[in-house]
Amino acid sequence: MVGIGGIGMQALADVLLGLGYKITGSDIQDFVGRDRLESKGATVIIGEQTATNIPADIDGLIYTSAAVRHNSQHPEIEQAKSMGVPVWKRSEFIGELMANKIGIAVSGTHGKTTTSTLIALMLQEGGLDPSALIGAEVRNLAGCGILGNSDYMVVEACEYDRAFLDMKPKIAVLTNIEADHLDYYQDINEIKQAFAQFVQLVPKDGLVVACGDDANIREILPEATAKVIKFGFNPSNDWVAKNVAYQNGKMTFTVDGIDTFLNFPGKHLVLDALAAVIVSRHLGVSDAAIKTVLENKFTGASRRFEILDTIKGVTFMDDYGHHPTEIAVTLGAARDYFAKRKIYVVFQPHQYSRTRLLLHDFAKSFGAADEVLLAPILAVRDSAEDLKSVNTEMLAEAINQVSHNATAFKNFSEVSAYLKSHLQAGNVVISLGAGKNSDWVREFIEDYQK
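Under our numbering, the sequence shown is numbered contiguously, ending at residue 447.
The set of hints was computed from the structure by calculation and includes no laboratory data.
For glycine and all other residues, C-beta sits at the position ideal for the given N, C-alpha and C.
It is possible that part of the hints are untrue.
With a straight-line cut-off of 25 Å between C-alpha atoms, the simulated SDA-like cross-links for lysine to any residue are [said to hold, decoys possible]:
#1 339 - 402
#2 339 - 237
#3 433 - 337
#4 294 - 433
#5 86 - 245
#6 294 - 339
Quick list of the computed label-pair ranges, beta carbon to beta carbon [unchecked claim]:
#7 57 - 27: 41 to 49 Å
#8 404 - 16: 29 to 37 Å
#9 147 - 68: 34 to 42 Å
#10 397 - 44: 23 to 31 Å
#11 62 - 446: 47 to 55 Å
#12 231 - 197: 48 to 56 Å
#13 136 - 377: 22 to 30 Å
#14 35 - 56: 18 to 26 Å
#15 380 - 48: 54 to 62 Å
#16 62 - 19: 52 to 60 Å
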């Protein structure tokens, strides 16, 4: 498995190891989750990816698209081809797995991980014993990939590289559609075209569960040939979340006669829960099982509003949010949850191209924070032109035109020094981003408690 450190590849490795396959994987850098995979029997090679990494008894090779992005002649892949064994892109292989399953593919710009997790947990609680491939480690699933004994398979389906078009879903969930991955797609119209193709993959006897509050989703739904169920807050939807309120750290709401709650703040999570309830009800899961998951079993996923620790009265939280909408809803939920406590946000922008193209949207996303500390942008799939087009100083200036609370730093060490000299008991530090900020906040916690 080339690029085994990616969370999606880890999930697939979890499932294949459970099926009894012998797994050898490589990655250019070490990763969280390596110990888990090795404890299950995987061989993990860290460092240079060469032809010698390929075992002589290999039966097939799976690679992540990131592995070949800058190297179309990847030595491990070329070696496997020369040996005459099958070679699959990760999404292609998952599509093959789904072909013989009742596949449930969860797509959308945001909310995929939470929705996939909730569906998997509800199917488990309902006795349907699903397999699942999820884009984060989930505490109650003991990893990011689970192997069940039934025909049900829950997959988090990403639109990047049109990977979700390799899926073979019987049920598709659409959470929302926004401009993202603009290093791959030209614009929002091209993104909508890809999602239209995705809903067309669902057979006529299948089901499309879609957020009817989202204008972009409503625009592409006529392309579906399967039955469509729309959900949301708007009364025009087929399923509507009612009586939505934030109370004492919980989101309470009513859906189709079920009065329930989630132990997390954030109105956006109610939409994720609503999608999961519809899918689970459709597959015969009882209301009792659904309530058990929402109110007790769902304890979150890694890097999704994850509260790490409280040290010297300072609470530390980590979140994967790296798109303006994700940041805005996460910080809005954090403001509800932490009330009047001072919130420091440490944000590492992910991609120069995303930062440049969505600069003005980013500028409006941090209003709920008291201070925004910006680490240098993480380059991912960026061209030489992208690298010259934007920097954190420009982002700080844009934020300050809206909320006057951002500072750009040259590195994480400067961020740490600033926090050490300013933090007081009662403060909150939120690490935001899809880059190295997650490692930084964990290291900072260790240092801060000394």
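Outcome of the hint check:
Under the criterion of a C-alpha separation no larger than 25 Å, the hint pairing residue 339 with residue 402 is consistent with the structure, at around 12 Å. For the proposed pair residue 339 and residue 237, the alpha carbon gap of about 35 Å is over 25 Å, so the pair is violated. Pair hint residue 433 plus residue 337 does not hold up; C-alpha atoms about 28 Å apart against a cutoff of 25 Å. At most 25 Å may separate the alpha-carbon atoms for a hinted pair to count; residue 294 and residue 433 exceed this at roughly 29 Å.
Restraint check for residue 86 and residue 245: the C-alpha separation of about 45 Å exceeds 25 Å, so the hint is violated. Between residue 294 and residue 339 the CA atoms are separated by roughly 30 Å; this puts the pair beyond 25 Å, and the hint is violated. About 25 Å separates the C-beta atoms of residue 57 and residue 27, a value inconsistent with the hinted range of 41 to 49 Å. Judged by the Cβ atoms, the range 29 to 37 Å given for residue 404 and residue 16 is violated: they are separated by roughly 50 Å.
Range check, residue 147 to residue 68: Cβ separation about 39 Å, and the 34 to 42 Å hint holds. Separation of residue 397 from residue 44 is about 42 Å and departs from the stated range, judged on CB atoms against 23 to 31 Å. Restraint check, residue 62 to residue 446: a C-beta distance of roughly 39 Å breaks the suggested window 47 to 55 Å. One distance hint, 48 to 56 Å for the beta-carbon pair residue 231 and residue 197, is violated here, with the actual separation near 25 Å.
Checked against the hint of 22 to 30 Å, the C-beta distance between residue 136 and residue 377 comes to roughly 27 Å, which is consistent with it. The supplied range of 18 to 26 Å is met by residue 35 and residue 56, whose beta-carbon atoms lie about 20 Å from each other. Distance hint check: the CB atoms of residue 380 and residue 48 are about 29 Å apart, inconsistent with the given range 54 to 62 Å. Evaluation of the 52 to 60 Å hint for residue 62 and residue 19 yields a failure: the beta carbon distance comes to about 24 Å.
In this structure, the hints that do not hold are numbers 2, 3, 4, 5, 6, 7, 8, 10, 11, 12, 15 and 16, in rising order.
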